[in-house]
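There are 4 protein chains.
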Amino acid sequence: MKAITVNPPLNGFEYRDVDIEEKGTRIRILENGICGTDREIVNGQLSSAVPPSGYGFMALGHEAIGEVLEDSGPFRKGDIVMPVNRRGCGKCLNCLLGRPDFCETGDFIEAGIKGMHGFMRQYIRDSPEYLVLVPPDIRDIAILAQPLSDLEKSLEEILSVQGRLYWKCSDGTYGCRHALVVGTGAIGILFALLLRSRGFSVTISNVRDATGLEATIFSEAGIAFFNSSLGYAGLKPNDKFDLIVEASGSDASLIPSLLSLLKNNAVLGLFGFSRSGMANLTSIDLQNIVYKSISVVGLINGQKPHFEAAMRDLVQWKHMWPEVSRSLITREIDVNSISGMSEVMYRKMPGEIKTKIVW
Amino acid sequence: MKAITVNPPLNGFEYRDVDIEEKGTRIRILENGICGTDREIVNGQLSSAVPPSGYGFMALGHEAIGEVLEDSGPFRKGDIVMPVNRRGCGKCLNCLLGRPDFCETGDFIEAGIKGMHGFMRQYIRDSPEYLVLVPPDIRDIAILAQPLSDLEKSLEEILSVQGRLYWKCSDGTYGCRHALVVGTGAIGILFALLLRSRGFSVTISNVRDATGLEATIFSEAGIAFFNSSLGYAGLKPNDKFDLIVEASGSDASLIPSLLSLLKNNAVLGLFGFSRSGMANLTSIDLQNIVYKSISVVGLINGQKPHFEAAMRDLVQWKHMWPEVSRSLITREIDVNSISGMSEVMYRKMPGEIKTKIVW
Amino acid sequence: MKAITVNPPLNGFEYRDVDIEEKGTRIRILENGICGTDREIVNGQLSSAVPPSGYGFMALGHEAIGEVLEDSGPFRKGDIVMPVNRRGCGKCLNCLLGRPDFCETGDFIEAGIKGMHGFMRQYIRDSPEYLVLVPPDIRDIAILAQPLSDLEKSLEEILSVQGRLYWKCSDGTYGCRHALVVGTGAIGILFALLLRSRGFSVTISNVRDATGLEATIFSEAGIAFFNSSLGYAGLKPNDKFDLIVEASGSDASLIPSLLSLLKNNAVLGLFGFSRSGMANLTSIDLQNIVYKSISVVGLINGQKPHFEAAMRDLVQWKHMWPEVSRSLITREIDVNSISGMSEVMYRKMPGEIKTKIVW
Amino acid sequence: MKAITVNPPLNGFEYRDVDIEEKGTRIRILENGICGTDREIVNGQLSSAVPPSGYGFMALGHEAIGEVLEDSGPFRKGDIVMPVNRRGCGKCLNCLLGRPDFCETGDFIEAGIKGMHGFMRQYIRDSPEYLVLVPPDIRDIAILAQPLSDLEKSLEEILSVQGRLYWKCSDGTYGCRHALVVGTGAIGILFALLLRSRGFSVTISNVRDATGLEATIFSEAGIAFFNSSLGYAGLKPNDKFDLIVEASGSDASLIPSLLSLLKNNAVLGLFGFSRSGMANLTSIDLQNIVYKSISVVGLINGQKPHFEAAMRDLVQWKHMWPEVSRSLITREIDVNSISGMSEVMYRKMPGEIKTKIVW
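Residue numbers (my numbering), protein chains in the order written: chain W, 6 to 364; chain S, 6 to 364; chain L, 6 to 364; chain G, 6 to 364.
No lab work stands behind these hints: they were computed from the structure.
Some hints could be false.
Here are the simulated lysine to any residue pairs, SDA-like style, with alpha carbons at most 20 Å apart [stated by the list, open to error]:
1) K173/L with R169/S
2) K297/S with T42/W
3) K7/S with Y60/S
4) K173/S with G95/W
5) K96/S with K96/L
6) K96/L with E134/G
7) K96/G with L138/G
8) K173/W with S175/G
9) K297/S with L170/W
10) K268/W with L170/W
11) K7/L with V363/L
12) K173/L with R169/G
13) K96/L with K173/G
14) K173/W with E134/G
15) K297/S with G95/W
Some residues of chain G that are not near chain S, with every Cβ distance over 12 Å (derived) [as the list claims (entries may be wrong)]:
16) R33
17) S77
18) S288
We put the CB at the ideal spot given by N, CA and C, even for glycine.
Just chain W, with the same shape it has in the complex (with noise of 0.2 Å):
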């Protein structure tokens, strides 16, 4: 079958005849989604990318639907699938109650990533156990899914961090709470429509304006946008922030910066990986943590109950959000368009928010 293949810690990728053993349901490839981690294994970038073993190259990808292509177990011939992309090491707890997101020996593999073939090729094939039913009414924008994923399971856990206190409002909801995200790509956006959509408060920044396309969906979600490209200091002085999700990946040196404008018992939640720069804390800012009772999470990875409450919130902004929904996928691109291949593989264009391979 064709495959995009990559070969790390080499750069580039291929689009060609592969052989892949595998056992499970077979499934069809109908869209791949792209990534910035599949860029920087394209680029050469990702020390931690490493192929299955036994083979010389790696399938890549981690964002897949697919359709299935028999009954089996849960599923039906035609079901539209998302498969899971991090499996457990089989060793600790965590793995053993299906949070690999959680993996304590570090020795779990992931699709596409590290030491298991990835989802840019024809067929897969699968176990249903880690197989998510795709509901036909958003079938235009599933792939969006697996990204999510990674945030419903970032939302459960600065929830269950915030369990430390009581962090809900006198009317039993989030809505006082004011939540900033740092970042509009792909992530930061779909991390406002979820704080939105679970009743916080939102801003989001850039170190620019807010492209046509932002403004839309900003302003359907009810999201503020903020232009932080001389700082946060035009900030109103008293908007301080409960919860702050850094998802640009910026350079580390925003780190301070964004403490400060933590409230008591806020959370800053990193997600985006910072490849450049230093964070440099004074004392004041280590003493600031401890008197305001914040705390720093790193988030990364969901599981499948996350990807189960990913399709639902998608089906959901569907239709509370139709502007938002119609304006996440930026870009479709066949797989065998070499050149438009070439074009998205490397980096990500300007006004990206989601880009899509269709086989």
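Mind docking chains S, L and G on chain W? Use the hints.
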């Protein structure tokens, strides 16, 4: 009555007669503990210290036990009690729930520190709501319950934060979890003891060898000691930690090396107040927080339930670790001893764990 | 204005002009739902029904949607909203936290039921704090959000209770958990749908065959139906349940047989109000509760966060289960139709799921 | 070696030589406790009692302390330890998490009760994983840790169940919560002490007056006693409870009156095994469970973390309540005393709290 008073931001302290208007149950103070915060105030270094409104001075002291002078609420004349030191803002939900440790407004008051007279005086009056009964069995070491209450709260918060994953071991205990406590002051030692008594495997470190007294304590309680004067590289290569508690207030530059000692899903709890230096985190440090699902949590202030837990633990420790318990109070000073008081109020003595003032 | 009024403990209802003094945002009522509690009041059978003080009547109705007539707080003129029906006692902690569903004093008030005028009238005034936005997409079925809010709270409570053990499955979801919902009224069907949408395997039962409409609903949503007219012995021998929700208000004598269907660690949730019969539990029944770590939980009343969740779920269900959504409102009645109103206010019609009154 | 053996379902017991093949650390048994379950087996009344496969007898006993005979794992020769009595099924998630108290399959085994030899014998071998260290300070009362472990788990479970609402008081403690413990056997008294030590206000009841010994215990620990021989009508009209623990195994007919004593949001915990009677609940009783958000929870079996907690509490109680601790072991019997053993193994003696067998 006589009181130890301060007048922040001025440095120094006085032992003098004062008039303080209060309501509530009459209590004769028996003992006070001295901690680093008291000394910062006496040295004019705690910028957040503020006398109660309407007074040109503030009685110092937030660690005290006293004798109830009249039947009142659940207390009988002659009972020994400890007053809780932080009081709520009366506005936010967490303060209404008796948890000003998570005050949202920052308008809480704190005995001997901020907006409320402290307990270093002959008498106080207080509401039974803020008093905690001292079991007679621990009359001698009960003064430790105030600092310990902060740690009871801290551990409760850490366990709550770790509710984000499955953090117990395959036997349902915390026996497989390895904690590092940085610092062998009163806080460091009490935190290490608390973690031991909850079943954690515990290492404690200082930048020098353990004193003889410390060695006795660590040996009886089964705590490992590590001299980190040359950094932590000397730890066994795989000796990483599920929990690190910074309890030394070391130079901030210590933080990056602590982060590098954390296992997947670990917690770095910040209790000590760094007064100097910079924590310069690289982008790799930040990435590790994400990849390893690490949480950094500011830890501060225990409330009434934590004082109650501290009393229970002190009773238990006294008899489980008799040497430990005999070793924790390293000096008693008569409040009338001018030279003695001058000696203990300004700085920590070599070998000091807890110094108490006796009325 | 016109209103449907009652005068408990008298039976009957009137459609008449009333004067009600209220403060807050003006809202024009569009629709009301009718539920079993309304009918109990109209039939003079709800002894706890009490008019608001100072009035010789009570406007009925606790299920309503209306149009906001003026900009107010987060709402704009023209928004469709649903008012929350229970309001706190103003005294206990749970009411201060926006959770009068867990009122400790019992002094809460409840629209159209106890001490507060209901929503079956042309206009209400209310504080934005108690209003929940209705997404335009579900304008047609939004009246279901009030009963559904009770179930959102119930499921949240059940999952919280089950936090006593590890109750998820080896894939991190609830997919291995089997629930039985007893009763196919509006509550039973909505509860079954809610459990399905959260991934549970669900069986629903009634003491007759499913109607054609019910069969359509259960088929689309993947819910099994069981006719329990001859008891539950006909279930497969090993078909026991992790969760049973009594949503029928059946004769109390049903309870022992439900208990016998529970697996280890299971929950029996009581939502329906039994009006007759006795639940005669043997000592063996009680022993089984102990040996099997069973929990029985009374389930009542959702609050604002649950109304918000209900709105999200209704949007999702409408598009995931379009047949289901079209089937749930079985009758609309014009409030001016004297004969129609007489027909629907006193008793449930055969085949009724939810009847709504249109203003 | 010598052992006390049974052969269920036959009644009677023998003191005789046995050969038992086991692996693990060698332990010399010092003491056993006797409880109601042991006596049921000896009287041939526990239908669930089953010898280990391949043996025509079963060593009795699930309460034991012993001396470690060789260094092993965390234990040193000479350490006193208590073995955990229930062991997992090896299949379900809760057993893999070290929590066979919530075994899903029911295939757990239990020392001296079901499929595993008990501890009433000269020696056992066991894995350090199932051994809990006994602090030397409580060598005399440590046998109580096994029954207490069940209660530690029970209280943990009750507090977890009550996480469904805000159940603490306005000072953050449980001081405003009023508990009733039914029964003054070992379990009832230990449960009452545990609740007291956690700050609850506690009433304990029996259908007779308190014995002198009981009166001493209740007085020192601040527990109120109520003689319920004429029912609970004699309690003050407003004396309702937030928590009732049935620890008497009374006739099931007691249950309806206990339910009527519960406040809103209360818990009825069932620990004792009713052996007779019927709990005849009216539909009004069931309605009250719903209206008042009551939870009924079956409480059984503590695991290793609960044994550890029990050890800590026993140390604390010994010194906080010295009279109590001296009163709990009401009889010691030499295992070689034929007449003595016959007396204690079949029935509870008047005034007995805990009888222990000494080897």
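Each hint tested on the structure:
Only pairs whose Cα atoms come within 20 Å are accepted, and K173/L paired with R169/S is accepted, the gap being roughly 14 Å. Distance check on the hinted pair: K297/S and T42/W sit about 17 Å apart at the alpha-carbon level, within 20 Å; holds. At most 20 Å may separate the alpha-carbon atoms for a hinted pair to count; K7/S and Y60/S meet this at roughly 16 Å. This hinted pair checks out: K173/S and G95/W have alpha carbons roughly 17 Å apart, not beyond 20 Å.
For the given pair, K96/S sits about 15 Å from K96/L by alpha-carbon distance, which is consistent with the 20 Å threshold. About 49 Å separates the Cα atoms of K96/L and E134/G, which puts this hinted pair outside 20 Å; it is violated. Only pairs whose Cα atoms come within 20 Å are accepted, and K96/G paired with L138/G is rejected, the gap being roughly 27 Å. Annotation: proposed proximity of K173/W to S175/G holds, straight-line Cα distance about 17 Å (limit 20 Å).
For a cut-off of 20 Å, the pair hint linking K297/S to L170/W is broken: about 24 Å separates their Cα positions. Of the supplied pair hints, the one linking K268/W and L170/W holds, its CA atoms being roughly 14 Å apart against a limit of 20 Å. A threshold of 20 Å between alpha carbons decides the hint, and for K7/L with V363/L the separation of about 13 Å falls inside it, so the pair holds. Distance hint between K173/L and R169/G is fulfilled; the C-alpha atoms sit about 17 Å from each other, no more than 20 Å.
Between K96/L and K173/G the CA atoms are separated by roughly 15 Å; this keeps the pair inside 20 Å, and the hint holds. Straight-line distance between C-alpha atoms of K173/W and E134/G comes to about 40 Å, which puts the hinted pair past the 20 Å bound. Proximity of K297/S to G95/W is assessed by CA-CA distance (about 18 Å); at most 20 Å being required, the pair is judged to hold. With a cut of 12 Å on Cβ distances, R33/G stays outside the contact zone with chain S, its closest approach being about 23 Å.
Interface exclusion of S77/G from chain S stands, the closest Cβ pair being 15 Å apart, more than 12 Å. Distance to chain S confirms S288/G as a non-interface residue, since its nearest Cβ pair spans about 37 Å, more than 12 Å.
Checked against the numbered hints given earlier, this structure breaks hints 6, 7, 9 and 14; the rest are met.
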